[in-house]
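S.K.: Top to bottom, those sequences are chains A and B. Counting along the first sequence from 1, when you hit position 71 you're at 71 in the numbering used here, and nothing is skipped either side. Counting along the second sequence from 1, when you hit position 458 you're at 458 in the numbering used here, and nothing is skipped either side.
You can trust all of the hints, since none of them are fake.
Cut-off 30 Å, straight-line C-alpha distance, at most; resulting in silico cross-link-like pairs (DSSO-like, lysine-lysine):
1. A:Lys134 with A:Lys124
2. A:Lys214 with B:Lys399
3. B:Lys41 with B:Lys418
4. B:Lys399 with A:Lys124
5. B:Lys418 with A:Lys198
6. B:Lys399 with A:Lys198
7. A:Lys263 with A:Lys307
8. B:Lys130 with B:Lys501
9. B:Lys44 with B:Lys28
10. B:Lys418 with B:Lys399
11. B:Lys190 with B:Lys451
12. A:Lys263 with A:Lys102
Don't read these hints as lab results, they were simulated from the structure.
Spelled out, the chains give:
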Amino acid sequence: MRHIIKSTLIGALAGTLLSGATLADIGSSDPIKLTLHDWSGQLINTKIMGSILEEAGYNVEYVQADYIAQFAGLKTGDLTLAMEIWATTGQEALDEATATGKVVNAGETGLQAIEEWWYPLYMKELCPGLPDWKALQGCSEVFSTAETAPSGRYVGGPVTWGGFDDERVEALNLDFEVVHAGTDAALFAELESAYQRKAPIILWVYVPHWAPAKYDGEFVEFPPFSAECYSDPSVGVNPDAAYDCGKPRGPIWKAAWAGMEDKWPDAFAAVQAYTLTNEEMSAMVGDVDLNGQDIDSVVANWMASNKNRWSGWIAK
Amino acid sequence: MGVMRIPRSAFIWISLFFITLILANYGKLVADAISMNWLVKYPKVWVFPLKDYVSLAMQWLVEDATFGLFTFTEATRGLSWVIEQPYNFVRALLSEGFERGLGKSAVQVLPPLSWLTVLSAVIALGHYAKDWTLAAIVGACFGYLAIFGQWDSAMITLASVVIAVPIGVGGGLLFGILAYRHHWFGRLLKPALDLMQTIPIFAYLVPILFMFGFGPVSALVATVIYAMPPMVRITTMALQSVDPEITDFGLICGCTQSQMTWRILIPSALGSLMVGVNQVIMLSLNMVIIASMIGAGGLGFDVLASLRRLDIGGGFEAGIAIVIMAIAIDRLSQAFAERSTSYVHPKIRNRIYHRHPRSMIVLTVLIFSMVVGFFIPMYQHYPESHTITTGAFWDDSIKYLNINYFDQFEAVKIFFLKSFMLPTKRFFIGIPWPWMTCLLVFIGWTFGGWKLALMNALMTLFIVTNGMWAKAMITVYLCGVSVVIASVIGIPLGILAAVNKRAGKIIGAVIDTLQTLPSFVYLIPVVMLFRIGDFTAMIAIVLYALAPAVRYAAHGIRSVSSELIEAGIVSGCTPTQILTQIRLPLALPNILLGINQTIMLALSMLVITALVGTRDLGQEVYIALTRADTGHGIIAGLSIAFIAIIADRVISASAKNARIRYGLETTHGH
Chain A
1 MRHIIKSTLI
11 GALAGTLLSG
21 ATLADIGSSD
31 PIKLTLHDWS
41 GQLINTKIMG
51 SILEEAGYNV
61 EYVQADYIAQ
71 FAGLKTGDLT
81 LAMEIWATTG
91 QEALDEATAT
101 GKVVNAGETG
111 LQAIEEWWYP
121 LYMKELCPGL
131 PDWKALQGCS
141 EVFSTAETAP
151 SGRYVGGPVT
161 WGGFDDERVE
171 ALNLDFEVVH
181 AGTDAALFAE
191 LESAYQRKAP
201 IILWVYVPHW
211 APAKYDGEFV
221 EFPPFSAECY
231 SDPSVGVNPD
241 AAYDCGKPRG
251 PIWKAAWAGM
261 EDKWPDAFAA
271 VQAYTLTNEE
281 MSAMVGDVDL
291 NGQDIDSVVA
301 NWMASNKNRW
311 SGWIAK
Chain B
1 MGVMRIPRSA
11 FIWISLFFIT
21 LILANYGKLV
31 ADAISMNWLV
41 KYPKVWVFPL
51 KDYVSLAMQW
61 LVEDATFGLF
71 TFTEATRGLS
81 WVIEQPYNFV
91 RALLSEGFER
101 GLGKSAVQVL
111 PPLSWLTVLS
121 AVIALGHYAK
131 DWTLAAIVGA
141 CFGYLAIFGQ
151 WDSAMITLAS
161 VVIAVPIGVG
171 GGLLFGILAY
181 RHHWFGRLLK
191 PALDLMQTIP
201 IFAYLVPILF
211 MFGFGPVSAL
221 VATVIYAMPP
231 MVRITTMALQ
241 SVDPEITDFG
251 LICGCTQSQM
261 TWRILIPSAL
271 GSLMVGVNQV
281 IMLSLNMVII
291 ASMIGAGGLG
301 FDVLASLRRL
311 DIGGGFEAGI
321 AIVIMAIAID
331 RLSQAFAERS
341 TSYVHPKIRN
351 RIYHRHPRSM
361 IVLTVLIFSM
371 VVGFFIPMYQ
381 HYPESHTITT
391 GAFWDDSIKY
401 LNINYFDQFE
411 AVKIFFLKSF
421 MLPTKRFFIG
431 IPWPWMTCLL
441 VFIGWTFGGW
451 KLALMNALMT
461 LFIVTNGMWA
471 KAMITVYLCG
481 VSVVIASVIG
491 IPLGILAAVN
501 KRAGKIIGAV
511 IDTLQTLPSF
521 VYLIPVVMLF
531 RIGDFTAMIA
541 IVLYALAPAV
551 RYAAHGIRSV
561 SSELIEAGIV
571 SGCTPTQILT
581 QIRLPLALPN
591 ILLGINQTIM
601 LALSMLVITA
611 LVGTRDLGQE
621 VYIALTRADT
631 GHGIIAGLSI
641 AFIAIIADRV
651 ISASAKNARI
661 RYGLETTHGH
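Could you build the full structure based on these sequences and the hints that come with them?
M.R.: The following block contains the structure:
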């Protein structure tokens, strides 16, 4: 017993001394607070970044926070770093926050977000022209349910995601009724339900996400997005309406508290250097959500097999 | 009998209903014809920009407000720090262990309490509070948490409950005593309590995050705000109902005010006060999901994360773990409530182990289990290989239902939507707002006099002038439909529970589970079977709001005095007659109160059903939350609260009228 107490104490002492030694060259020993949301990709992304910072000797803390509400915390410095701000859903909030000067955009994560109308492959038999969007004009009835018939039913994202689907349906003359899901979970519950029954469905899907790995399907090919198409009615296939094109695609950003660069300059540099690819991320998300692996072990695997990459990021 | 005569008041109500029906159908046509569209659609330009003022006021409070020596934000952050210290301690004790050093180089100085230690502690607590039966129940509950692999998350949730409950109870006690001592304070507090209970939490989450910072403390503060009001109410009520002879005795002995409160009033009211404590615990556990969205972690987070990846089984297990924990804590606190009323003087002996033999045994067991945990890891962390899961079963059941019975579900849904829900929706949306306002004023005046009429008018106009009318009517429709269905199912169930003991037990267990099970757990499976839309939202609301309809109906039927029933039997009533002629009419006031509570719960579910895509006030609150728009959230939240308050006051007033009519209460001033 005494032996154990002794060794614990020595261990603790050694720990403090050691950490003291490394702390000298990393700036502040205050915790760097990374935000966690409730989807696996973000958790993986954040835990990898956190592990890298820990390897570099920083004190890292994870804080559960809401995706948009977190900006309040990033502005005050309550939170230090958010690893996934999607250009498709969080751009306005990010722009608003960076405009105050209290939050900085720490660059791309290397992940590219795609958001678009998506259908399971078995729908192609019922509506052969797909994935071209023009096919939807002819076979909207295939996608109808008792409540919307004869119009088709398109399940859009939560109202807060925006997306302009009501306008798109109008502008492209698609006979669809847009139903907004309240959350991501509800959206994919619809897909899971329809897929089990091989029932007609068309809905908003985004990547990186586990859904395209679990279900066979494709994105609808709309006329490509351009800023003018959204702002100027005369641009695009319908000369009288805006939003007559697909949704924008864009990077997933990292956002940090503006004070991070002064307080932990090297850590901030590492954050800026950090990038992943869509393929890596999809594989990891699949491991977690579909194969039931533990997030921490997936992260540990990545750390072990990419040592060269991440040690380059912290070596500045 | 001859010709049926319609009483005059009934005639008035029926004609008012038909006028409303006609206006709802043709109001828009008429308004268009005489080009006075503002009658049916409140113009945007008339909307009073109150929400912007609220946002600005909030911004000022957080950024500029100062008390001279320190700013408002510093004050709230200070408070946040004070709450954080005990929380961190309990969390380290239960789940993370005490660490020294930072980040990766941290060394665990002391491990957290092992699962064996916690398990022994709760069993000892159960035995201490009542008997071995309770100890076994509580032990089984916590054992479940370990065996089903929910231990770590459950301990985090337990840590927040352990901190939130004392704050809620202490604060509630304090406000309750103040309200008891100073009548004016009580009057001031009442509307504040009403608002605390009816404004959805999402509405004030953003300001709380601003004030208390990110992390578990904000979640704790939100939990306390939500869970405290019943404690305040029960405290005031309990103190008021202390036997005057006891208080007189205190006065004769020359007690000071604080002696009077702490030595006489509180101990005599302890039994009722413990009911309040129980309520605080239950409501805190209700908040687990929402708290996890802003940083509380634990079981709530597991539910959310599982459902995000459509792991229905995982979500269900974490949800059941919350129910199990609620059962354990509920039983314990109720046992303490009963125990506190019977106090036995202990025999005095010399040595500490003579005086407290049981404490000594428990302490030995605890220390032993801790030491064992220190050496043998499987007694520290419950080994993962020994956990069981039923996750696949739930996933498969839903899949089976979905594949084989979807068409039947669909048919039922379409029938309900077409024959009941959609017509009701059109009816409510069609009612012109000036007519609805007049109607509410008339209703208020009839049941509660001019005060109620005035209140109804002001609250309705608040909703109208803030541009929330259309959303409010969708809210009323969705809640109204759900409450009707919940009553149609719940009241007969309640009657059955009252007349048949065995049925009563089963029904009681089912509705207890429904109330503590986080609604998100069944929301997603319901989406899978019924798709996104009002019908799904309605099912979720009904499941959650069913409980009070059942409970109050059962309570009302049970509490009909046995003399009246005997009188019925003597006069030769059949059992059916006794039920319909004696029990039901006398239970009516209670049934009405049950419907009242059902409405309250239905309204509090709206924010949750916004997650499956409803378009009502709940959705407005949710949108405001995700856009961090304080003003909009608070205005929408207040609108929900006002609907709740109007419904509550009108129904309470009519329940009172009913009690007077049946001689259960006398009129004292009107």
